[in-house]
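Asks: What follows is the residue order along each chain.
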Amino acid sequence: MTDKTAITLTVNGSDHHIACAPRKTLADALREDCGLTGTHLGCEHGVCGACTITVNDAPVRSCLMFAVQAEGGDIRTVEGLAKGDDLSPLQQFFIDEHALQCGYCTPGFLMLIEGTLRQTPDISEDELDEILSSNLCRCTGYRNILRAARRALDHARTTTPEPAA
Amino acid sequence: MKPAPFAYYRPATLEDAAARLADGADEGAMILAGGQSLVPMMALRVAYPSELIDLNTVPGLDTPRVEGNTLVIPALVRHATFHTPDPAFGPTGDLMASVVRHIAHHPIRQRGTFCGSLAHADPSSEWALTATTLGAELELLSVRGTRRIPIADWIDGAMSTTREPDEILTAAHLPLIPPGSLSGFYEVSRRAGDFALGMALVVLGMDGDRIGEASIGLGGIEEIPRRIPEAEAALQGQPATPESFATAAQAAMDAVDPMSDATTPASYRRDLAGTVIRRALAQAATRLPAPV
Chain G
1 MTDKTAITLT
11 VNGSDHHIAC
21 APRKTLADAL
31 REDCGLTGTH
41 LGCEHGVCGA
51 CTITVNDAPV
61 RSCLMFAVQA
71 EGGDIRTVEG
81 LAKGDDLSPL
91 QQFFIDEHAL
101 QCGYCTPGFL
111 MLIEGTLRQT
121 PDISEDELDE
131 ILSSNLCRCT
141 GYRNILRAAR
151 RALDHARTTT
161 PEPAA
Chain X
166 MKPAPFAYYR
176 PATLEDAAAR
186 LADGADEGAM
196 ILAGGQSLVP
206 MMALRVAYPS
216 ELIDLNTVPG
226 LDTPRVEGNT
236 LVIPALVRHA
246 TFHTPDPAFG
256 PTGDLMASVV
266 RHIAHHPIRQ
276 RGTFCGSLAH
286 ADPSSEWALT
296 ATTLGAELEL
306 LSVRGTRRIP
316 IADWIDGAMS
326 TTREPDEILT
336 AAHLPLIPPG
346 SLSGFYEVSR
356 RAGDFALGMA
366 LVVLGMDGDR
376 IGEASIGLGG
386 IEEIPRRIPE
396 AEAALQGQPA
406 TPESFATAAQ
416 AAMDAVDPMS
426 DATTPASYRR
436 DLAGTVIRRA
446 LAQAATRLPA
456 PV
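Protein chains in written order, with my numbering: chain G, 1 to 165; chain X, 166 to 457.
I should point out that these hints are in silico values taken from the structure, not numbers from a laboratory.
None of the values given here were measured: they were computed from a predicted structure.
Every residue gets a Cβ at the ideal spot worked out from N, C-alpha and C, and that includes glycine.
Take every hint as true, because none was put in to throw you off.
Sample of chain G residues lacking proximity to chain X, with all beta carbon distances greater than 10 Å (derived):
(1) 42
(2) 84
(3) 87
(4) 88
(5) 141
(6) 151
(7) 154
For lysine-lysine, the following PhoX-like pairs were computed, each having C-alpha atoms within a straight-line distance of at most 25 Å:
(8) G/4 <-> G/24
(9) X/167 <-> G/4
(10) X/167 <-> G/24
Whenever a hint applies, use it, and build me the whole structure from the sequences.
Replies: Here you go:
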């Protein structure tokens, strides 16, 4: 069927009962049907990484998955990082290191780093640097993002990750 | 851009998927695995399947395994699986761990699959080069039965294979690199994660301090990745030295028929063929035991 079907997406621990056509990408479903517009869309064909989220802790491009494929998965978006008014350590590192300017790419970078450190908290600095090449930023020149990511890596190495809410 | 409308089907088994594909192939039904090439092509309206048959719901396809001297890679094994390969894969796992870092970017490698890369058959596919150089066999399923086909009979052009419309590529069978062999990989692309402009994968069987059997695979240079027999012959019986590597690289440069485009003319790719072969061989030689 090409028509809308009812699906349930579990985003940041909450169930969203939505109806969408198979052709709707996960990125569009998050923004339009779940009302979670923190996930940004740049190129819509997997190049820029602005729409990066995590599914079962893996950082993935949400424009390259269909919403119907994400049923049953543990979907995490930028909205899930802060606890109320308290920013996550990674978000605070981004502010402290001035790792954003216009902010368009920021949710993608945050979720890229969040997923990477959840998957591999013992990753090497070189590997983390290489992973930052996955996403495009046209303001900061990456240096500040790299500094924030390195601080998040230090933090991940010295703390036990809390289970996501 | 948004993908054109399509129907979506979740098969329970590969046989179920094959039956569905047999019904829908004429109208344009396609198999969806990782979707990291197909979905962008749909977003760009280069591909507009009538139906996607999503293998992601079929259990048991996501883990590679060793069977005898072969690494069996089923249809849903993601690229990222090879970041930290099972030690049972031996030197083949080590080689694949160095190759996989060149495939697109980290998030793409979480979803994209080995078999999907072979089915897509982009000239710059690292896995197509790996499968070609190691001499993989591919396993295909349709309602008409299963068949096995050597990789050399699979890719028949840029992004083109001999797959019949009702067939599913269910697994690749990769011969393991024999113990004692040396291997190396080298790729040139414009920026991190970009498509390869040229790459070489080499496996050298050593006969004492001389090269015995050599496999020299070249990708991204011609439309189809292939082994270069002229370069392999140039190495047979030679010591593993910069001189013999240069001779093999020159033999490859003389033998290839490179692609050209607006930014990379054929002459550039011909030079690149020699460069990537020399560097892949040099990398293989670093694994030589130190002289006693």
